[in-house]
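**Student:** Single-letter residue listing:
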Amino acid sequence: MTITVDSRADFTLENFRRVAVGRESARIGKVARGRMTAARAGYLRLLEAEPGRLSGAATARAPVPGTRTAAGQQPVSAMRDAGRLSLGDSFGNAALPDRAVRGIIFARLVDFVEGHTGSRAVVAEWVAGLLDGPAPRVPLGGETSPGEIVALLHVMAGFQGQEFEEAECEQLLSGSPCSSALAADVALQSPARLATAEQVFALSVEAMNAPLAAYHPALRELWGDPYAAAALDNLNRALAGAKHQRRAYQAPVSYRVLPRVLGQAHRAVAQVGEAARISLQSATSNSVYLAPDEHYPEGRVLHTGGYHNALAYPALDTLNAAFADLCTLCDRHTTKLHREAVSLLPDMLVPPGADPWSTTARLGFVQVGFAERARHAAARTLLPSSQGGGYAGQDDVALPIFLAYEKALRAAGCLDACLAVLGVAASQAMYVTDRRPPAGLEDCLEIIRQHVPPFRPGIPPRRSGDEIARLAQAFGSAALGRPDHAEAAAGAEIARS
Amino acid sequence: MTVIIDAAADISLASLESVAIDGGRARFSDRALRHMAWAHEAFQRYVDARRDTFIYGVTSGWGPDGKTRYSPEEVRARRQRGSPWLQLSFGGGLLPEYVSRASVFASLGLLASGNSAIHPDQAREVAGLLDGPLPRLPRRGLVAAGELMPNFVLRQMDSFGQGYSAGAGNGSQTSNAMAGLTAIFARRRLDLAEHVLALSAEAVNAPLDAYDPALKDLWRDPFAADALDALAALIAGGSPDRRPYDAPASFQILPRVLGQARRAVSALEEVASISLREVASNPMYLLPDGDDVLGKAISTGGYHNATAAAAIDAVAATWADIAALAHRHAVKLHKGEVSLLPDRLLPEGTDYTTGYSTTYLEYVPNQALEEMRRLAQPTLLDAAEIAASEQDDIAITAPVAFVAERDVAERFDEILAVLAVVCSQALHVTRRPAPPALQPLLSFTRGIVAPIESRRMIGVECQELADAFAGAVEKPGTGVPWRASRTGSENSTPPRAEGDVCL
Numbered sequence: 438m439t440i441t442v443d444s445r446a447d448f449t450l451e452n453f454r455r456v457a458v459g460r461e462s463a464r465i466g467k468v469a470r471g472r473m474t475a476a477r478a479g480y481l482r483l484l485e486a487e488p489g490r491l492s493g494a495a496t497a498r499a500p501v502p503g504t505r506t507a508a509g510q511q512p513v514s515a516m517r518d519a520g521r522l523s524l525g526d527s528f529g530n531a532a533l534p535d536r537a538v539r540g541i542i543f544a545r546l547v548d549f550v551e552g553h554t555g556s557r558a559v560v561a562e563w564v565a566g567l568l569d570g571p572a573p574r575v576p577l578g579g580e581t582s583p584g585e586i587v588a589l590l591h592v593m594a595g596f597q598g599q600e601f602e603e604a605e606c607e608q609l610l611s612g613s614p615c616s617s618a619l620a621a622d623v624a625l626q627s628p629a630r631l632a633t634a635e636q637v638f639a640l641s642v643e644a645m646n647a648p649l650a651a652y653h654p655a656l657r658e659l660w661g662d663p664y665a666a667a668a669l670d671n672l673n674r675a676l677a678g679a680k681h682q683r684r685a686y687q688a689p690v691s692y693r694v695l696p697r698v699l700g701q702a703h704r705a706v707a708q709v710g711e712a713a714r715i716s717l718q719s720a721t722s723n724s725v726y727l728a729p730d731e732h733y734p735e736g737r738v739l740h741t742g743g744y745h746n747a748l749a750y751p752a753l754d755t756l757n758a759a760f761a762d763l764c765t766l767c768d769r770h771t772t773k774l775h776r777e778a779v780s781l782l783p784d785m786l787v788p789p790g791a792d793p794w795s796t797t798a799r800l801g802f803v804q805v806g807f808a809e810r811a812r813h814a815a816a817r818t819l820l821p822s823s824q825g826g827g828y829a830g831q832d833d834v835a836l837p838i839f840l841a842y843e844k845a846l847r848a849a850g851c852l853d854a855c856l857a858v859l860g861v862a863a864s865q866a867m868y869v870t871d872r873r874p875p876a877g878l879e880d881c882l883e884i885i886r887q888h889v890p891p892f893r894p895g896i897p898p899r900r901s902g903d904e905i906a907r908l909a910q911a912f913g914s915a916a917l918g919r920p921d922h923a924e925a926a927a928g929a930e931i932a933r934s
Numbered sequence: 012m013t014v015i016i017d018a019a020a021d022i023s024l025a026s027l028e029s030v031a032i033d034g035g036r037a038r039f040s041d042r043a044l045r046h047m048a049w050a051h052e053a054f055q056r057y058v059d060a061r062r063d064t065f066i067y068g069v070t071s072g073w074g075p076d077g078k079t080r081y082s083p084e085e086v087r088a089r090r091q092r093g094s095p096w097l098q099l100s101f102g103g104g105l106l107p108e109y110v111s112r113a114s115v116f117a118s119l120g121l122l123a124s125g126n127s128a129i130h131p132d133q134a135r136e137v138a139g140l141l142d143g144p145l146p147r148l149p150r151r152g153l154v155a156a157g158e159l160m161p162n163f164v165l166r167q168m169d170s171f172g173q174g175y176s177a178g179a180g181n182g183s184q185t186s187n188a189m190a191g192l193t194a195i196f197a198r199r200r201l202d203l204a205e206h207v208l209a210l211s212a213e214a215v216n217a218p219l220d221a222y223d224p225a226l227k228d229l230w231r232d233p234f235a236a237d238a239l240d241a242l243a244a245l246i247a248g249g250s251p252d253r254r255p256y257d258a259p260a261s262f263q264i265l266p267r268v269l270g271q272a273r274r275a276v277s278a279l280e281e282v283a284s285i286s287l288r289e290v291a292s293n294p295m296y297l298l299p300d301g302d303d304v305l306g307k308a309i310s311t312g313g314y315h316n317a318t319a320a321a322a323i324d325a326v327a328a329t330w331a332d333i334a335a336l337a338h339r340h341a342v343k344l345h346k347g348e349v350s351l352l353p354d355r356l357l358p359e360g361t362d363y364t365t366g367y368s369t370t371y372l373e374y375v376p377n378q379a380l381e382e383m384r385r386l387a388q389p390t391l392l393d394a395a396e397i398a399a400s401e402q403d404d405i406a407i408t409a410p411v412a413f414v415a416e417r418d419v420a421e422r423f424d425e426i427l428a429v430l431a432v433v434c435s436q437a438l439h440v441t442r443r444p445a446p447p448a449l450q451p452l453l454s455f456t457r458g459i460v461a462p463i464e465s466r467r468m469i470g471v472e473c474q475e476l477a478d479a480f481a482g483a484v485e486k487p488g489t490g491v492p493w494r495a496s497r498t499g500s501e502n503s504t505p506p507r508a509e510g511d512v513c514l
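Sequences listed follow chains Z and E, in order.
Residues 438 to 934 in the numbering used here are what the first sequence spells out, letter by letter.
Residues 12 to 514 in the numbering used here are what the second sequence spells out, letter by letter.
Worth flagging that the hints you see were computed from the coordinates, not collected in a lab.
Note that this is a predicted model, so its numbers are computed, not measured.
Glycine residues also receive a C-beta, built at the ideal position from the N, C-alpha and C atoms.
Incorrect hints may appear among the rest.
Partial list, derived from the structure: chain E residues whose beta carbon lies under 7 Å from chain Z [as the list claims (entries may be wrong)]:
| hint | residue |
| --- | --- |
| 1 | ALA156 |
| 2 | LEU229 |
| 3 | GLN378 |
| 4 | PRO389 |
When you get a sec, could you build the whole thing from the sequences and use the hints?
**Tutor:** Here it is in structure tokens:
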């Protein structure tokens with residue numbers, strides 16, 4: 438299938454998913470081609486009428502060091518003059534996932550389709566054509582710069598042979614398509630990942646025999662928080678039909694606060710979704726061409742800070758923190774399920790006749806490393822202090838979206854791992870007490886046991902770490918909505934690195 | 012001024028400000044008192060009928076003793092001996108009294124709802140606490156499972172009243188109050204920041220393209236749109252002769268970064284508003300309804316506000332980002348080759364030996380900025396077992412975030428003061444006025460820190476300006492000094508009630 442884009446309204450999360458994850462192509466529609474052709478003509482008329490304003494880069498830049506251009510006089514655009522794009526300078530062992538790179542290419546088109554780059558339609562078609570080939574490698578390491586130019590140089594590196602005209606090259610490299618795409622990539626995965634978390638936590642509630650009052654539907658109205666209400670609904674759906682006879686007194690706080698903490702995770706997921714949806718439809722290039730209107734009959738070109746997407750990286754940060762908190766709850770639940778004095782279950786979840794150290798007794802240790810890494814991944818992403826050699830003090834603020842995104846991959850991978858460990862502990866608790874979960878959790882328990890069967894007495898030691906890793910990968914794949922595990926494995930790799 | 016509480020929905024940002032900050036009182040409406048009396052009576056019947064079941068704190072012990080069952084009479088007798096703890100917390104000095112007032116006020120919604128089953132006389136006592144001075148909470152030692160630690164300080168004079176009640180003080184009122192206070196201050200602080208940064212854009216003669224209203228449709232971000240409108244209004248009437256090429260990125264991206272700040276503040280206001288009017292405690296009495304003639308007591312995690320810390324953190328982070336821009340502006344304004352202003356803002360024809368300027372003042376924010384970056388880290392759930400009780404295994408987070416944001420904000424005010432003084436100097440040495448909407452800020456700044464024309468203790472004056480900014484943010488009185496109108500921080504805070512209000 439091929440997606441046709443005609444306006445900014447076509448840059449939806451669903452279309453993003455089809456292109457980035459579903460690997461569909463994109464084509465420029467007839468309407469968009471018409472608008473771009475008209476915009477190019479208008480742009481060239483402006484260029485002719487106001488050469489002092491536009492020539493030399495439609496970008497009103499400060500003089501580039503080393504040139505003899507005096508301040509206030511416009512230098513010739515280095516990239517236009519060179520007639521080609523520079524190759525990427527940055528490097529790093531890790532790289533963006535292919536789906537994210539495809540997403541960046543797709544998001545790049547939003548500045549073109551309504552003519553805001555003032556470029557010819559063919560340039561947009563070249564960009565769309567990148568989606569028909571292999572995604573270029575975009576290394577993570579030295580990509581953080583003012584705007585997104587350093588990363589975009591890698592994305593656009595395939596354009597070495599094209600003949601660009603005035604200002605077209607620079608438009609490929611300005612704006613903030615990377616922020617849009619990386620926020621969208623996380624926005625696509627997060628709801629499913631949170632749904633998995635709710636299933637596993639509900640299984641833990643069932644394993645603990647926690648009283649269900651803490652999840653009473655009446656709390657929806659009393660709390661008045663739509664996100665906590667969503668968490669309450671999901672927990673209740675999963676636990677519907679659960680055994681009525683529960684433990685006689687409250688479960689530990691880490692169980693009772695679940696709907697509140699999961700509610701915050703829902704809020705964070707919604708914030709990332711909002712940031713992604715807004716960003717995908719934003720025209721952010723610098724400069725930006727505006728078609729003629731009643732106030733500006735010739736049209737105009739504005740020089741803006743659109744290249745700095747300030748909403749995506751904080752949204753990712755908030756989600757990373759929410760995931761780190763869920764990891765902490767996984768850690769706490771895993772420990773408490775194994776503590777007879779707290780859980781009222783067999784101590785260390787050991788079935789009769791089994792060696793205590795041949796079951797899940799050590800899983801509490803395993804949680805620590807992942808949960809702690811998630812906390813590291815939740816570190817705040819702030820505007821970098823360095824001006825990174827910004828030319829003549831002009832390009833003096835770098836955009837930290839790649840830093841936030843890399844942490845988002847890590848936080849997500851850690852959450853998948855922590856959920857896998859908790860899922861195995863809950864499965865073991867159900868096994869040693871010979872209980873079945875309610876219908877809403879049967880599939881969840883089945884997936885867990887497909888990868889990690891219960892630890893039974895008399896079974897030789899297993900490489901349970903490998904089994905749990907595969908379960909974590911399965912959770913990651915579910916978040917991506919794809920049956921194969923390759924992308925999830927890449928995320929898990931970053932989480933472990 | 013007395014705020015009348017009829018229901019939990021009456022605990023709002025506006026009423027919180029009225030009572031906690033402006034010193035108003037709070038009273039329950041007659042309807043609320045009748046409702047509480049009815050709920051209290053219903054709960055007594057419920058306890059009589061369910062005395063053999065687990066009702067946290069009524070037929071069980073509290074906290075680590077929660078698993079132990081007692082008769083209601085035994086529990087009541089234990090409680091009437093009073094809490095064994097009056098105050099445990101200490102450290103870091105004391106928070107302002109308005110935090111204590113806000114916490115007590117924020118608890119009144121739960122009481123009015125009837126879901127705590129508190130006797131109306133006892134509820135009146137709690138509201139009456141606001142008639143006099145309250146003990147101040149320490150900055151540290153407030154974090155445990157739920158809010159027992161602040162309660163030990165604030166509710167030490169509580170009587171336990173008549174009959175049985177359900178978790179009347181075991182909600183998340185201090186967290187809710189902290190979210191509310193931070194939201195109130197953040198809106199005004201952001202307003203101040205927009206004024207100072209707009210003055211900076213004017214001082215550097217930044218081209219107005221980057222703040223053009225046409226960008227609203229291009230970006231389609233409602234918060235960036237509001238920031239664009241605010242900047243455009245503040246700079247309107249400024250110098251018509253702008254620099255011939257782009258200002259540095261730190262000036263160009265202002266509407267994007269300020270838009271994000273507006274988003275963060277708005278999100279905090281939403282979280283705070285929801286939190287303040289929520290009915291949450293442990294246990295919670297679900298009132299009789301229809302066929303359910305007795306109602307039901309349930310144990311919940313309502314005492315844990317999971318949203319406040321994240322929302323406060325986001326505001327603290329945005330202060331750190333804006334402060335980074337503000338410092339960059341201060342540096343660039345002194346750098347003649349970038350600003351196209353007199354280098355180091357020295358008067359024409361002078362140098363270091365003969366002239367005076369604000370240069371070297373740009374060193375001052377460096378330490379504060381680095382501290383802000385550390386303080387703006389996220390508040391996460393404590394990964395440790397927090398106490399000997401393995402039941403109470405997750406601590407609240409809002410006090411950590413609240414105190415950190417206050418520390419961040421203090422430094423933010425200092426950096427804004429530095430930038431305001433530098434802008435004032437830039438306009439002074441180039442003999443330019445401020446745009447009309449920024450003249451009050453410039454006058455206020457110069458009233459404390461006059462343009463530098465001689466050797467002076469500039470740091471002392473800047474501290475005074477920072478303190479004045481902070482004072483206006485926390486208690487604006489008749490209005491904030493950086494706005495032309497002294498009728499309050501219009502467009503920046505919710506309308507405030509006057510006189511007795513029934514909200």
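**Student:** Are any of the numbered hints broken by this structure? If so, which, sorted upward?
**Tutor:** 3
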